[in-house]
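2 protein chains.
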Amino acid sequence: MLLSGYSRLSVPCQRFRVTYRLYGDQKEAYTKAKDICLEQTVEFPEEFIPEGLIKEQIIGQIESFESYAENSFLVVISYAIDSAASELTQLLNVVFGNISLKPGIRVEHLELPDALLQNFKGPRFGRAGLRKLLEVEKRPLLFTALKPMGLTSQELAKLAYKFALGGIDIIKDDHGLSNQPFSPYEERTSLCAEAVNKANQETGQHSIYVANITAPVHEVMKRALTAKAVGAGGVLISPGLTGLDMLREIAEDDRVALPVISHPAFLGSYVMGMSGISHHALFGQIVRLAGAEGTIYPNFGGRFSFSRAECESIARGTVIPMGNLKPIFPCPAGGMSLASVPESIKVYGNDVAFLIGGGLFKQGPDLIENSRYFRALVTKLSE
Amino acid sequence: MLLSGYSRLSVPCQRFRVTYRLYGDQKEAYTKAKDICLEQTVEFPEEFIPEGLIKEQIIGQIESFESYAENSFLVVISYAIDSAASELTQLLNVVFGNISLKPGIRVEHLELPDALLQNFKGPRFGRAGLRKLLEVEKRPLLFTALKPMGLTSQELAKLAYKFALGGIDIIKDDHGLSNQPFSPYEERTSLCAEAVNKANQETGQHSIYVANITAPVHEVMKRALTAKAVGAGGVLISPGLTGLDMLREIAEDDRVALPVISHPAFLGSYVMGMSGISHHALFGQIVRLAGAEGTIYPNFGGRFSFSRAECESIARGTVIPMGNLKPIFPCPAGGMSLASVPESIKVYGNDVAFLIGGGLFKQGPDLIENSRYFRALVTKLSE
Chain A
0 MLLSGYSRLS VPCQRFRVTY RLYGDQKEAY TKAKDICLEQ TVEFPEEFIP
50 EGLIKEQIIG QIESFESYAE NSFLVVISYA IDSAASELTQ LLNVVFGNIS
100 LKPGIRVEHL ELPDALLQNF KGPRFGRAGL RKLLEVEKRP LLFTALKPMG
150 LTSQELAKLA YKFALGGIDI IKDDHGLSNQ PFSPYEERTS LCAEAVNKAN
200 QETGQHSIYV ANITAPVHEV MKRALTAKAV GAGGVLISPG LTGLDMLREI
250 AEDDRVALPV ISHPAFLGSY VMGMSGISHH ALFGQIVRLA GAEGTIYPNF
300 GGRFSFSRAE CESIARGTVI PMGNLKPIFP CPAGGMSLAS VPESIKVYGN
350 DVAFLIGGGL FKQGPDLIEN SRYFRALVTK LSE
Chain B
0 MLLSGYSRLS VPCQRFRVTY RLYGDQKEAY TKAKDICLEQ TVEFPEEFIP
50 EGLIKEQIIG QIESFESYAE NSFLVVISYA IDSAASELTQ LLNVVFGNIS
100 LKPGIRVEHL ELPDALLQNF KGPRFGRAGL RKLLEVEKRP LLFTALKPMG
150 LTSQELAKLA YKFALGGIDI IKDDHGLSNQ PFSPYEERTS LCAEAVNKAN
200 QETGQHSIYV ANITAPVHEV MKRALTAKAV GAGGVLISPG LTGLDMLREI
250 AEDDRVALPV ISHPAFLGSY VMGMSGISHH ALFGQIVRLA GAEGTIYPNF
300 GGRFSFSRAE CESIARGTVI PMGNLKPIFP CPAGGMSLAS VPESIKVYGN
350 DVAFLIGGGL FKQGPDLIEN SRYFRALVTK LSE
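In order, the protein sequence lines correspond to chains A and B. Start counting the first sequence at 0; every next residue gets the next number (numbering that gives the first Met the number 0). Start counting the second sequence at 0; every next residue gets the next number (numbering that gives the first Met the number 0).
No lab work stands behind these hints, which were simulated from the structure alone. Just so you know, these numbers come straight off a predicted model, no measurement behind them. Any given hint could be a false lead.
[Claimed, not checked] Derived Cβ-Cβ restraints for the label pairs, each shown as a range: (1) PRO320/B x ASP24/A: 42 to 50 Å; (2) TYR29/B x GLU186/A: 33 to 41 Å; (3) GLN153/B x ASP24/A: 39 to 47 Å; (4) LYS131/B x LYS54/A: 36 to 44 Å; (5) SER63/B x GLU201/A: 47 to 55 Å; (6) LYS345/B x ALA256/A: 52 to 60 Å; (7) ASN118/A x PRO44/B: 39 to 47 Å; (8) ARG371/B x LYS54/A: 25 to 33 Å; (9) GLN117/B x GLU342/A: 44 to 52 Å; (10) GLU46/B x GLU186/A: 41 to 49 Å; (11) GLU368/A x PRO320/B: 51 to 59 Å; (12) ASN70/A x PHE47/B: 40 to 48 Å; (13) SER66/A x PHE47/B: 47 to 55 Å.
[Unchecked claim] Chain A is faced by these chain B residues, among others (derived, beta-carbon under 8 Å): (14) PRO44; (15) LEU52; (16) ILE61; (17) VAL75; (18) SER77; (19) GLY125; (20) PRO215; (21) GLY275; (22) VAL318.
[Said to hold, decoys possible] Here are a few chain B residues that sit away from chain A, every Cβ distance over 10 Å (derived from the structure): (23) LYS33; (24) PHE64; (25) THR88; (26) LEU91; (27) LYS120; (28) THR225; (29) ILE319; (30) PRO320; (31) ARG374.
Using N, Cα and C, we set each Cβ at its ideal position, and we do this for glycine too.
Generate coordinates for the entire structure from the input sequences, incorporating the hints supplied.
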């Protein structure tokens, strides 16, 4: 025998479960399910795997297999939590690493036991904590973005000031504002934080400026600490660009200790086809597991392609029970207009942050008035 | 006017070019192209963008638009290099951030001017440097993986020793070996590096052990430096899990100064549908830009779904002129067998690293002999 086949897995290990949607007829789908059990763990020909604990525990196990729709099946596969090594990177690797390269496999849902979840702090504030920070008791949160790219830091700060005067709760950098020569990071964040904090003093409100810290590896933490130092009230990160674990790293850091908002840039490919990860699992569960307080995604009816049902499934992922993980805010965005708020509030209820960027400019020539209108509209609809 | 419309972009900025494939009829495709120009830069309603440099430079510009196949068009869009902020994260954001969330858009090819490329060191060794390190002058490189997950560090080291004795050039951790209790990182890498180095002393060959450093953010650099300290000859990273910029960070670090190999886990969704990034651009150009010396991807005819043409396009991406970036090794893998080597060598020529994992076990009961057979086969075919 090639392998001696003992291992240190001497006691049965707890398991986590992944629901996959598999495309094909029943035989093809079942073959895919068996293949996933090997591909995501031992990645090795079954005939060479020694009897014993690797076979009994490490290889994925099909827990259930059922028909879902024509030519598609739902299968639940469980894996030993030890295979995930208490790491978000390795957890995602077991869930979908190699099979991301195979057609017709979609991660639908994650079920993670406490023994695994205890390795993650998850959201620091959660819905209740963020509401307290912003002093918004009941209504949906008002969220906007500073843009367009190409404005100077001074111009962006003027916009931030107006939005805050008008009562927008969360005023973030556009996700494309990084450290460009026209609005360098430190200058921009200093001026924007100062502008929002000045407006707060005038209004008595508690708006926050959220700085985009999406950046090269060695810069992200520096920018988060700079954001904190200059008085920003939160940070924005695009985990598709930095890696999902960078979101976790920042969210869990006690020196930063600011709300972290997740932006979906560069993540879209995971949800665009029959293969990939469901909207629910990616923008709901995984982003929450990584510790975001809010998850931005394109709302239905905007300039992107997410359906109403997909958006609802994300919202469910932000709040369904996941051990110690606090519920977070869905942040529908992407061409949302003020006109779309009434319909959206019916879908999301009050526990939502409406992110309206360009749409706030369209309401009229005065940004402060436009912001007040947004606030009044949402307040009225949420009563 | 809402925006004052001046900016610091006082001189014309050099531009980089992205070729997109857009699906739809001509009118739809052209509308998509116009939309991309805004979405990837200002993300703002065009009517509110002030005249001047933002409009003239920041917004993407359609450089060409041509029919490609029925209902699909190739468009070249250029962007100001300043918008990419000299950062890999922001470059990828401009290339494909938000539009990853829109259907029917695929990044086909990148054309980056020297003014942008000079921000990236790229591969440290390149094909010539890696050949020198391994003392392999002409033939394809022989590459294998230590698995299955669940073996102890001692067992994995025994495998490594046999592979090295048999003359495999690059012996890597399976990409699922992280820091699990059955083979903790430091123990495993110490034993495997020692085993390979011992075999080298016996054979006079120059095999390297490549440690998998895919890990949470705060661990990756530590593991890279540990790999170096224990005598590993290279490191493996899955940029889909860590973020592509982590690959760059490690590749550019002079303390590590080891060959970095890229693994495609969790990246598959980008190439699986009509939307996303081409095999060529992602596994060829982008991974090379980030500094990998080798790019692993599933070979045609194996247990994955890449076509021969897609694999050829990746190989082209590893070698086409890209300013100062050295050419790197395509590393076809994913169910490659010894039987597939002759056909593959016709496709790739000699500048390739054949990654055969499980397939090496299938040849016969003696791993050393199997490895020697692999080496003899490749040597003969490459003459």
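Results for each hint:
no.: 1; hint: PRO320/B x ASP24/A: 42 to 50 Å; result: holds (47 Å)
no.: 2; hint: TYR29/B x GLU186/A: 33 to 41 Å; result: holds (38 Å)
no.: 3; hint: GLN153/B x ASP24/A: 39 to 47 Å; result: holds (44 Å)
no.: 4; hint: LYS131/B x LYS54/A: 36 to 44 Å; result: holds (42 Å)
no.: 5; hint: SER63/B x GLU201/A: 47 to 55 Å; result: holds (51 Å)
no.: 6; hint: LYS345/B x ALA256/A: 52 to 60 Å; result: holds (58 Å)
no.: 7; hint: ASN118/A x PRO44/B: 39 to 47 Å; result: holds (44 Å)
no.: 8; hint: ARG371/B x LYS54/A: 25 to 33 Å; result: holds (29 Å)
no.: 9; hint: GLN117/B x GLU342/A: 44 to 52 Å; result: holds (49 Å)
no.: 10; hint: GLU46/B x GLU186/A: 41 to 49 Å; result: violated (29 Å)
no.: 11; hint: GLU368/A x PRO320/B: 51 to 59 Å; result: holds (54 Å)
no.: 12; hint: ASN70/A x PHE47/B: 40 to 48 Å; result: holds (46 Å)
no.: 13; hint: SER66/A x PHE47/B: 47 to 55 Å; result: holds (51 Å)
no.: 14; hint: PRO44; result: holds (5 Å)
no.: 15; hint: LEU52; result: holds (7 Å)
no.: 16; hint: ILE61; result: violated (18 Å)
no.: 17; hint: VAL75; result: violated (20 Å)
no.: 18; hint: SER77; result: violated (15 Å)
no.: 19; hint: GLY125; result: violated (22 Å)
no.: 20; hint: PRO215; result: holds (5 Å)
no.: 21; hint: GLY275; result: holds (5 Å)
no.: 22; hint: VAL318; result: violated (22 Å)
no.: 23; hint: LYS33; result: holds (13 Å)
no.: 24; hint: PHE64; result: holds (21 Å)
no.: 25; hint: THR88; result: violated (4 Å)
no.: 26; hint: LEU91; result: violated (6 Å)
no.: 27; hint: LYS120; result: holds (13 Å)
no.: 28; hint: THR225; result: holds (15 Å)
no.: 29; hint: ILE319; result: holds (23 Å)
no.: 30; hint: PRO320; result: holds (25 Å)
no.: 31; hint: ARG374; result: holds (19 Å)
Going through the hint list in order, the structure does not satisfy hints 10, 16, 17, 18, 19, 22, 25, 26.
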